[in-house]
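Protein chains: 2
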Amino acid sequence: MGDSRPIGVFDSGLGGLTVAKEIFRLMPSERIIYLGDTARVPYGGKSEETIRRFGLQDARALLDLDVKLLVVACNTVSSVAIDYLERHIKGIPVIGVVLPGARAAATRSAEKRIGVVGTAATVRSMSYARAIHNIDPNIKVYGKPCPLFVPLVEEGLIDSDITRLAVQHYLYEMVDLGIDCLILGCTHYPILMEVIQSTVGNGIQLIDSALWTAKEAQNIMKALGIESAAPSEQREAAGGGVRNSVVDNAGGGLAASRFLGSDVTPNFEAVAEALLGARLPSIEKVPVEELEEKEKIKRF
Amino acid sequence: MGDSRPIGVFDSGLGGLTVAKEIFRLMPSERIIYLGDTARVPYGGKSEETIRRFGLQDARALLDLDVKLLVVACNTVSSVAIDYLERHIKGIPVIGVVLPGARAAATRSAEKRIGVVGTAATVRSMSYARAIHNIDPNIKVYGKPCPLFVPLVEEGLIDSDITRLAVQHYLYEMVDLGIDCLILGCTHYPILMEVIQSTVGNGIQLIDSALWTAKEAQNIMKALGIESAAPSEQREAAGGGVRNSVVDNAGGGLAASRFLGSDVTPNFEAVAEALLGARLPSIEKVPVEELEEKEKIKRF
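The listed protein sequences correspond, in order, to chains A and B.
Letter by letter, the first sequence follows residues 1 to 300 of the working numbering.
Letter by letter, the second sequence follows residues 1001 to 1300 of the working numbering.
If we strip away everything but chain A, and leave its shape as in the complex, we get (with noise of 0.2 Å):
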């Protein structure tokens, strides 16, 4: 009766709770083991041999973890390095930010014109513009990086004028060039969904690539048959109607989940609060060797 093996989930930081989010509200069954490389985010500004090593790393300590599904809830590792992952992860399947977001944009755009925000590397890797031209080689895409999105963020800076001031700086040449969907490419963006809409106007519709990811999850888990069973199914099989402990841990949701990461930064709680709508259950340290040690192991 299903699979009750947790969905692997990983991003740079704590953006991809995002993602987490949406799999939590759209799967109530499923759980999730979250791994955040908060030692060594952002991932952004870097280069993409380093992007590509990190983000192997990440999917490797999850690999080791026993999960049914790899979530890359990172634009830049989705954009610069998923067929990279793909190629080196066997055995259970690997999905990216992107595909979802470009499918969900170019299904919508009338107007066959679609704007990216995202940061430096996701922008400068075209990795939207090529999804969405293999789906529609007519649509244009225009791509903007805005890295100061993510640090304001960060600083609960998000009904704020300087918050303002930023998204107008970014996306006012967007707002000219006659777009109508606007991905938002950075799984921290969607905290900013409502100042970005006030400032590009409703005639721009917003792509949130995190909701499009965990209904790509859904419909990849439903194909494959790798759905944890629904707590009632679970309940039968336990033996009958009445709920106990061992059905509760096997349940999903936020309380089964684990979220781990490679730093316990200082303000981790409230970031994580902020991004996921709800507050951690707890906060497991991996510490950043031992996800290199996930590197060498394979590679000597």
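Rather than coming from a laboratory, the hints here were simulated on the basis of the structure.
All C-beta atoms, glycine included, are put in the ideal place defined by N, C-alpha and C.
Among the hints, a few may not be true.
Listed below are several chain A residues computed to face chain B (Cβ distance under 7 Å; list not exhaustive) [as the list claims (entries may be wrong)]:
| hint | residue |
| --- | --- |
| 1 | T50 |
| 2 | P151 |
| 3 | E155 |
| 4 | I162 |
| 5 | L165 |
Let chain A serve as the given structure and place chain B on it in line with the hints.
For chain B alone, kept in the frame of chain A given last:
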């Protein structure tokens, strides 16, 4: 005739180049080996344990390159790990940026009210307050973390309304507190000197730690007799007034120095040029795993 070995300077990223710049200006005969941990930058939001570990790895990488003096050109590492580094680095003097900046401010504040701006880790550590109180316990010290300043500098938004608003956002309380000295406790901040000065007004003196750290390095090297011989003396030592390539190579300054980074990021050169006020002669990559090895070799 002096000590021709280079000075080792390290930072979490490229900010420490403002210290290198002041060293070149004050001591044109000196060579520098600069190490920026650009693969793991920034350190400012990380835990103390992680900052200590990364800092020691950086320091040992420079020690292995036979430097005569170690300058910790990173306020975050200087704030939380300078004692730790002094205990673990033997044989050469180690200087941080906190003590020189604190001393300069303490001797200049007539009102005995000093402000300190820096990363979250620097301000939380109370390092400047402790250093100032060792000089004069009656001075009041007010700290304010300004996490947006580094990304603003790295985005090149020096003369921008976003930066002016951010400076106001962080500093308006400082002005109300009646400080007469403000320590720029992060090596990126001197780049924002003009906008900070115009925001806080001319009644508040800005203390640039980079400048005072270079002066401290000069004083220590004089006291220990480890200054590099001046070019004229070098020429004499090499047999008269004729310059030859050996003498030129043994000379100091930017062209004779080395610049190492743990990641050569796409905007490395542009950011480095803004901070150093000159183009880097070359960039050498030190893989991050080599930095980690520095710790393992000594620990196990």
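> Which numbered hints turn out to be false for this structure?
Replying inline: Violated hints: none at all, because every hint is consistent with the structure.
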